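Q: Spelled out, the chains give:
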Amino acid sequence: MTTTTATRKLTIARAMAEATAQEMRADPSVFVMGEDVGPLGGVFGNTRGLHDEFGPERVRDTPISETAFIGAAVGAASDGMRPVVELMFVDFFGVCMDAIYNLMAKNTYFSGGRVKVPMVLMTSTGGGYSDAGQHSQCLYGTFAHLPGMKVVVPSNAYDAKGLMTAAIRDDNPVVFMYHKALQGMGWLGTEKGATVPVPEEAYTVEIGKAAVVREGRDLTLVSLGAGVHHCLRAAGALEDEGFDVEVVDLRSLVPLDRETVRASVAKTGRLIVVDEDYHSFGVSGEIIASVVEHDHRLKSAPARVAYPDIPIPFAPTMEQWALPDADKIVAAFHQMLLND
Amino acid sequence: MQPTREQRLWMYRQMVTSRHLEERIETLYMEGKTPVFNMAKGPIPGEMHLSNGQEPCAAGVCAHLTADDVVTATHRPHHIAVAKGVDLDAMVAEIFGKATGLAGGRGGHMHLFDERVNFSCSGIIGEGLGPAVGAALSRKMQGKPGVAVAFLGEGAANQGAFHEALNLAAVWQLPVVFVIEDNAWGISVAKQASTAVPRNDRRAAAYGMPGHHVADNDVEGVFAAAGEAIARAREGQGPSLIEIETARLAGHFMGDGEDYRPEGEKDGLKARDPIPRYRAALLEAGLLDEAGDASLVAEARERVEAAIRFAQDSEFLPPEAALDTVFV
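Residue numbers (full-length UniProt numbering), protein chains in the order written: chain Y, 1 to 340; chain X, 1 to 328.
In case anyone wonders, no lab produced these hints; they're calculated from the structure.
This one's a predicted model, so the numbers in the text were calculated from it and none came from an experiment.
There may be inaccurate statements among the hints.
Unchecked claim - Derived DEER-like restraints, expressed as beta-carbon distance ranges:
no.: 1; chain 1: Y; residue 1: G94; chain 2: X; residue 2: D313; range: 44 to 50 Å
no.: 2; chain 1: Y; residue 1: E259; chain 2: X; residue 2: E320; range: 21 to 27 Å
no.: 3; chain 1: X; residue 1: G46; chain 2: Y; residue 2: A26; range: 40 to 46 Å
no.: 4; chain 1: Y; residue 1: R297; chain 2: X; residue 2: R116; range: 53 to 59 Å
The beta-carbon is built from N, C-alpha and C at its ideal position, and this holds for glycine as well.
Please build the complete structure, drawing on both the sequences and the hints.
A: Rendered as structure tokens:
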């Protein structure tokens with residue numbers, strides 16, 4: 001992205017709000033609805049300022065009624081609007097998944113492509129702050145598994161703004177999954193690496209394109225969201241041991257940029273996938289399969305550092321023990337070398 | 001609210017057209033499914049939910065709608081699609097799974113979308129209410145004319161989606177009308193065994209909106225209630241709820257043995273078939289004569305036959321077309 005305009009460091013929350021505001025200024029069909037997105041500005045800050053600028057018609061606080069308002073977003077999107085709707089915690093999908101995966105994701109297909117559903121479903125993911133197992137999940141694999149919706153997961157504010165702009169302009173439904181620890185909300189613990197320079201002007205980051213955020217020759221780490229920052233820390237630690245580590249930030253799960261992952265692993269010969277979502281039947285397995293079904297001549301068997309297949313526990317000792325982090329990634333690499 | 005002569009004949013024509021369509025589908029559906037019933041066989045595979053008996057609901061409501069108005073329908077959608085003006089050729093072709101169908105065969109009979117007349121339906125109970133609320137919100141926000149009507153069965157009134165949608169529509173005072181087709185059965189479970197109140201229109205009070213009840217599957221009663229509710233919505237006065245006592249003259253789906261029905265119920269319902277009743281009423285009122293009826297029926301039948309021929313003569317898409325249109 002080349003730009004002559006100024007950049008400032010923004011949190012992901014502010015980057016999301018800025019992208020949304022710019023699209024709302026440019027397109028009267030864009031509007032926001034969800035729980036506490038109005039005067040409060042979203043419990044994770046990602047609609048802050050929108051209510052002041054656009055008012056309660058276009059920035060709508062909803063009842064606690066996800067089935068109705070996400071279903072309504074589908075109906076509005078099919079009728080010429082471009083809703084940006086919030087599911088406050090992704091964990092809440094259980095009360096409204098029908099509207100998401102049976103309507104939002106299928107109406108286009110069931111109409112042979114004639115009915116468009118241009119909406120963004122933004123939802124928070126992730127834990128690490130002892131909110132226990134109904135407010136800390138990632139569920140990336142759950143959403144990416146079900147066809148008909150694009151899924152994006154930014155790791156930093158630059159990508160967050162560009163992906164949000166792209167998502168709002170997309171004629172397909174896009175699930176925008178933002179990690180709470182990256183939002184720049186102090187009370188959730190803040191990953192500093194997510195707060196990066198962001199251009200003031202509107203721009204897009206292409207949905208479906210991964211980014212190589214650190215180049216290396218010895219090992220490929222693939223991750224998304226908060227995991228990218230764990231990978232970058234692990235890469236730094238391994239550099240001190242003399243290893244040259246590449247880090248791929250998936251950025252999108254649907255479409256999945258398998259080419260970038262394969263190209264990286266073709267170069268390094270080693271793969272570790274880092275995912276804060278559950279270990280089994282998820283992103284980590286999909287990434288590994290995408291590589292090995294294409295090329296099995298790796299230097300080492302691929303590995304994954306993912307959340308164990310347990311509900312997320314409350315006690316900090318237990319939760320932190322279970323969460324992926326840089327130390328676990330380094331340990332996984334050491335084990336990989338021992339296994340060779 | 002009294003319908004004009006033209007409206008009466010229009011409603012009758014929709015009912016006749018829909019019934020003939022269902023009767024033809026019933027025959028065609030059974031091809032290849034005897035002597036052993038196998039849902040996957042024949043020119044129309046899959047589940048089939050026929051609307052025989054429920055035509056007054058569709059005709060009485062859609063008499064007040066134009067192509068600009070939005071309708072979301074149920075898994076039992078054909079009568080509503082006919083009355084809303086869905087392209088009959090493309091609809092029947094979709095029911096056959098053909099390339100010329102509304103979605104090239106990707107949707108089938110429970111997933112009919114015709115954006116030209118703002119019609120859609122879906123296969124899950126209570127699913128269309130949220131989208132209807134959203135379409136109504138869209139019209140209000142855009143300042144565009146048009147109302148939304150969500151059709152649902154009486155069983156759907158026990159779904160969370162029903163209560164959430166009514167609440168949201170009322171809180172935001174949206175131009176939407178919820179129409180319950182009460183055929184008294186949720187597959188095999190009777191309404192009184194599943195629903196805490198005898199009449200769902202009374203549930204409107206919980207959401208501060210008017211509730212209307214239409215007894216005896218009376219198309220003109222539907223017309224009157226819908227007329228009031230839709231006019232109210234068009235005037236920006238908010239949502240309404242209507243419950244219509246209707247009748248499912250077929251099984252829940254084709255192949256349903258209907259052993260759960262009390263002895264004689266089906267015969268009683270057939271004796272009150274709304275189409276011969278309305279025909280008799282129109283004849284008696286002098287709005288229709290025998291010759292006029294014969295020509296109206298013949299015309300409606302020919303329209304259906306033409307759509308069936310169109311579907312039968314159409315090709316299937318190549319199977320790999322299944323990969324297309326996931327995204328646009």
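Q: Confirm or reject each hint.
A: Consistency of the hints with the structure:
Between G94/Y and D313/X the CB atoms are about 46 Å apart, so this pair conforms to the stated range of 44 to 50 Å. Judged by the Cβ atoms, the range 21 to 27 Å given for E259/Y and E320/X holds: they are separated by roughly 22 Å. At about 44 Å, the beta-carbon gap between G46/X and A26/Y stays in the expected band of 40 to 46 Å. A C-beta distance of roughly 54 Å is found between R297/Y and R116/X, which places it inside the suggested range of 53 to 59 Å.
When each numbered hint is compared with the structure, no violation occurs for any of them.
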